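Top to bottom, those sequences are chains X and H.
Using our numbering, the first residue of the first sequence is number 112, and each one after it goes up by one.
Using our numbering, the first residue of the second sequence is number 475, and each one after it goes up by one.
None of these hints come from the bench; they were simulated from the model.
Only a predicted model underlies this, so the values are computations on that prediction, with no experimental measurement involved.
Note that beta-carbon positions come from the ideal geometry of N, C-alpha and C, so glycine has one too.
Where hints are given, some of them may not hold.
Just a few of them, taken from the derived set where beta-carbon distance is under 10 Å, the chain H residues facing chain X [what the hints assert, rightly or not]: (1) S658; (2) N660; (3) I662; (4) E752; (5) P782.
Here's a subset of chain H near chain X, in silico, CB distances under 7 Å, partners left out [to be verified]: (6) H653; (7) F656; (8) T661; (9) A663; (10) A664; (11) G716; (12) Q753; (13) L754.
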Amino acid sequence: MRVLIVDDEALARGRLRALLAEDASHEVVAEAESGEACLALVAKHRPDVVLLDIRMAGMDGIETARHLAALAEPPAVIFTTAYDAFAIQAFDAQAVGYLLKPVRGERLTEALHRVARPTRPQLAALTGAGGTPRRRIAAKLGDALRLIPVDTIRYFQADQKYVTVHHEGGADLIDESLKDLETEFQESFVRIHRNALVALQYLAALERDARGMLLARLDGITETLAVSRRHAPEVRRRMRAG
Amino acid sequence: MGSTEPRTPPRTDGQFLPDFCSARAVLAVVLLAELVAIVLTLARYEASVQFWESLARVSLFLLWCTLLSAALLCAARPLLVGATPARTSIAALGIVLGCVAAVSYGAWWMGREWQELPALLTAAGVGKLPAFLLTNLAIAAIVTGLLLRYFWVTAQWRRKIEEEARARIRALQARIRPHFLFNSMNTIAALTRSDPGRAEEAVEDLADLFRASLSDAAAMVTLKEELELSRIYQRIEQHRLGERLAVEWQVASLPMRARIPPLSVQPLLENAIYHGIEQLAGGGTVVVRGSYDDAARIIEISIENPRPDDAQARTGQRAGNRIALDNLRQRFALSWGPRASVEAGPAGSRYRVVLRFPAELAA
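The following block holds chain H by itself, in its conformation from the complex:
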């Protein structure tokens, strides 16, 4: 995964610049240079000048400037760790202007030494070095300034998104439903008298569940761990709901080493029980079904519960579910982008949530 690893540590303010060492950034630099070249050529277009020739010259000049700048920015990256945004901006601007000055001087020198070469950038010929230099530096300063501003805004925006996602995970972790907590305590209080063995088991299960909810939110867990946690949750609810709750696990075909954000399946099972089973006097069956597309390496997990036929209870399901689903969608998007999806909605007399995500096996 390398640099595209989704869960990189949070960027500090100073590192808002993209990593110019990466191939993608270099490609972007080349494309950008070409765009600027086209703009400059168009702006100076006159019938007397050959457009393509002029574009080629400007491109050559700009590619030298930008690639040289990118290479130096790449080399300077370790030096800029921890620098303030202002310092980083000044350093980047300095590097770019330095490169432009050097390349301009080179172009001017070559134009003077080899008269037969077409003059670079200035169609009228490179007569006066200071004017040539100043023009190029002014253009470079403006374009670099705009770019820095763009990088800064993008980095801020991305940081905000990441922070929001982390905050949501924290909120989700803190959100062990009070209803569930106190009911579990009541279950344990009842079992302590009637069945100390089961009471002990319930305390252990509850401890595991809380530990998971307090663990590092950013780390991925394996599917095996997440399903195990969901089963622990089921065991606790089973004491309370007895025969009213049945869960059918059809997950044998899933690659258990696949990675998944923690608390992905468990909250959905919790919703299925809270909004579905608990609202039904006769109870019902939650079906957790997993399938694995070997060729596309896509895992699909669906969680399905019977819907209470009561309109109000259904409204409740929508409202309460939305928080958990939005949260999950965001975390899936953060981990896998468009390759993962979370779909939810009624399916006949049942309510179904379907998770789809790429199988990335843990080592």
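Only chain X is shown next, with the shape it has when bound in the complex:
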């Protein structure tokens, strides 16, 4: 099996490499010391499985896994962690594979035998349970990923099937539901309509058009968005709250 090791500690990577070297059926194709490097190396080496540390500086393991899941052919993921009480509970609840450090050789072999791709609902549940909201959203661009920093996103708009992310650099389609996004980013985004989720940070003003329809004006965007009557009170409350 072709394995990519991701951990920000050199000794931890070294130990996994040494354990994997004992079994000829596995090959370490690359090592990454961050989530960002992992995404680049996965695109390049196409590993079967990624051994992914959870607690890393910058992009953590769970966020990295969520971005991987946006790939056309995502690799399987086995999380590794020394100790993360919340994450472990969530992994057990979601039946997502993980290994505890120091990793035992036989546990590693066993885990590699029943590797699986964590599904998106599983990963979404992990984020809710122990992790923090993602700081980037991955949009698929052919084989590669475009990572959109969440704080540049103006709003999400749901279509029939897709959700469009409108951000500083343009607009991209993503394959996620508005409901999940609303749950994950409830701190910084507010639902203004059945089909739109807006960043509070960019929400400039509410105004009425000639027909009395309530509209939201966003910083940096010329068009306005419809605010439904049902969501208006909550939008006003969140705007007042800052």
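Put chain H on the given structure of chain X with help from the hints.
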């Protein structure tokens, strides 16, 4: 330090009374006697009576009562060790009432023998001994009862504070972060293959660190020992974090024999690494800076780490740090009262904790 030594063994329930042998307690007794004298004089104030004269008489009487009681309570203190609170209260009340009875009798006798002396306490003259005695005993019983109640409540409150502080130290000791423990184990597992020599060193360091965390929480350690422990901790983390972690020690000017509660500096270094360095992909430098004010005999130690620019990580730093900082503040307050301080907060792009405490050199 003597009786003001902060880390006295826990008081037993029976010893809730202050130590009447100490100069401070005697001063308090005198002040209290004067207060009661003023109250009594005011309560009996009439235009016909000279206020100051009356106050002087009552004061004289009360000082006799209270100082005599304090002296006897001081002498009785060894006998009351291990007594139940009820027994102690009854004994104290007995002593005070005995003293008041004796002094009252003396006053009455003197008033009778030397008619020219102004009568004590009773402006109308000390005619009937039983009435005079009973009045004084009733007042004494009420005031003593109130005081005993006050001492009891204060002692309970102090005991609670001390117990809480001890519990916190125990919790802190038990709180070697699991994250740190398992990561260290992983480091050692990795080093065992690649570099057995360093693996051995890491095991020794870890053993030292755990031993320190299991040692007597109440005993103070020297600054030298605490800094040594912090360096051991740094060595373990250094294996794991490699070049990402640098610690600058600027502590040469500190008096190394100064006393400090154990696990004061190490947890702060741990926080600086856990919330600061580990969150930064490129790592960073923790600066431990010590300075000593020779004249004021105050030691200042600051621990500074770069802050991750991520808002969430910063929230984490606040939450996780608060426990360690509250704990440290309490222990510093218990050891030194207002003479010590623990300050923490962002300083530009860095996060800084500053400890200030008086230099008490160990023998």
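Hints versus structure:
1. S658: 9 Å, holds
2. N660: At about 4 Å, which falls below the 10 Å cut-off, the nearest Cβ of chain X leaves the hint on N660(H) intact, so it holds.
3. I662: 8 Å, holds
4. E752: Given a least distance of 6 Å, the restraint on E752(H) holds.
5. P782: Since the shortest Cβ distance to chain X is 8 Å, the answer is holds.
6. H653: 5 Å, holds
7. F656: Status holds, d = 4 Å.
8. T661: 5 Å, holds
9. A663: 4 Å, holds
10. A664: 4 Å, holds
11. G716: 6 Å, holds
12. Q753: Cβ of Q753(H) sits 5 Å from chain X, so the hint holds.
13. L754: Holds, about 5 Å.
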